[in-house]
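Note that the numbering used here has the sequence shown beginning at 1, numbered continuously upward.
It should be emphasised that the hints constitute simulated quantities derived from the structure, not laboratory data.
Take the hints with a grain of salt, since some may be wrong.
Only pairs whose alpha carbons sit at most 20 Å apart, straight line, appear in this in silico EDC-like list of lysine to aspartate or glutamate [claimed, not checked]: (1) K275 / E160; (2) K104 / D85; (3) K281 / E297; (4) K241 / D286.
In this text the structure is predicted, and so the values were computed from the model without any measurement.
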Amino acid sequence: MINIIRYIKVFVFLFFLFFLFCMIPQIFAATIIKHNLSASQNDDSLNYELAVLKLVLDKSKNKYGSYELVKSIKMSQSRAFQELDRKNAEVNVIASMSSIDREKSAKAIRICLFKGLLGVRIPIVLKSDKDKLENVTTLKELTALSAGQVFDWPDTTVLESNKINVQTTTAYLNLFPMLVAKRFDIFPLGALEVYPIAKDRENEFNITVIDKWAIAYPTGYYFFVNKKDKNLESRIKDGFKIALQDGSFQSVFDKYNKKFLEISHLNTRKIFYLKNPILPKTTKFDDKNLWHPLIWEGFAKK
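Let the hints inform the model, and build the full structure from the sequences given.
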């Protein structure tokens with residue numbers, strides 16, 4: 001009887017060891033994080049978004065463990081939000097401009113990657129039209145122009161709601177030949193992305209950038225996750241908290257964006273402030289650590 005009990009104990013112990021051995025890969029496996037930051041129109045902005053994601057994941061590694069980033073298949077912004085809500089989705093974190101609908105369908109991590117500056121839009125124009133378009137000085141003159149945008153960009157709705165005629169397309173790269181064909185007058189892009197984009201295509205499409213004015217509307221550009229993915233939500237929030245406190249977020253922001261911020265000379269431009277009807281009402285611009293001065297000075301009290 002004693003031997004039987006001993007054998008049972010040995011069997012239970014061996015079974016426990018076997019179970020533990022089987023669980024080790026799962027316990028120590030890296031968390032797979034699938035992102036859509038490989039499908040942007042601009043490598044500089046794309047690399048920055050990816051650098052910020054890596055930063056906040058690294059900062060939270062001690063608490064949440066290792067991770068592995070995987071690029072998703074290429075998809076539109078609207079498709080990415082639909083995919084984010086699916087079980088076994090192709091993507092579980094995306095970066096995008098905010099809107100009421102987007103914050104209803106997904107969880108926004110409300111630390112703006114670009115400090116609000118993607119809401120400051122500097123137009124790309126044809127070189128042959130630049131002198132004429134530089135002389136836009138009133139909102140009435142601005143609303144007489146037509147703009148080109150991608151159909152599912154929130155900017156499209158914002159511009160249209162401010163009485164600006166918008167010509168749309170399903171693909172970002174279509175906008176350049178459409179501009180050449182004079183389907184619209186201006187192609188507004190974020191202040192931190194417009195210069196590398198225009199430079200890359202300057203000779204091919206004979207385009208340039210407006211120097212004297214810009215459009216600005218309040219918006220946030222956030223990481224979004226599935227509302228049920230509380231672990232990833234907490235991890236990104238905790239990583240941001242550390243990165244903001246130790247200054248590493250500002251360092252990464254400056255590394256990728258400082259040169260473009262300097263050449264955009266926003267402080268000398270005339271700024272046309274527009275309303276954003278799709279901005280969630282709970283968005284606050286009064287934290288100077290999270291927003292560029294142009295944003296919190298322009299929108300904190302509005």
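Subject >> Hints violated by the structure (numbers, ascending) >> reply: none
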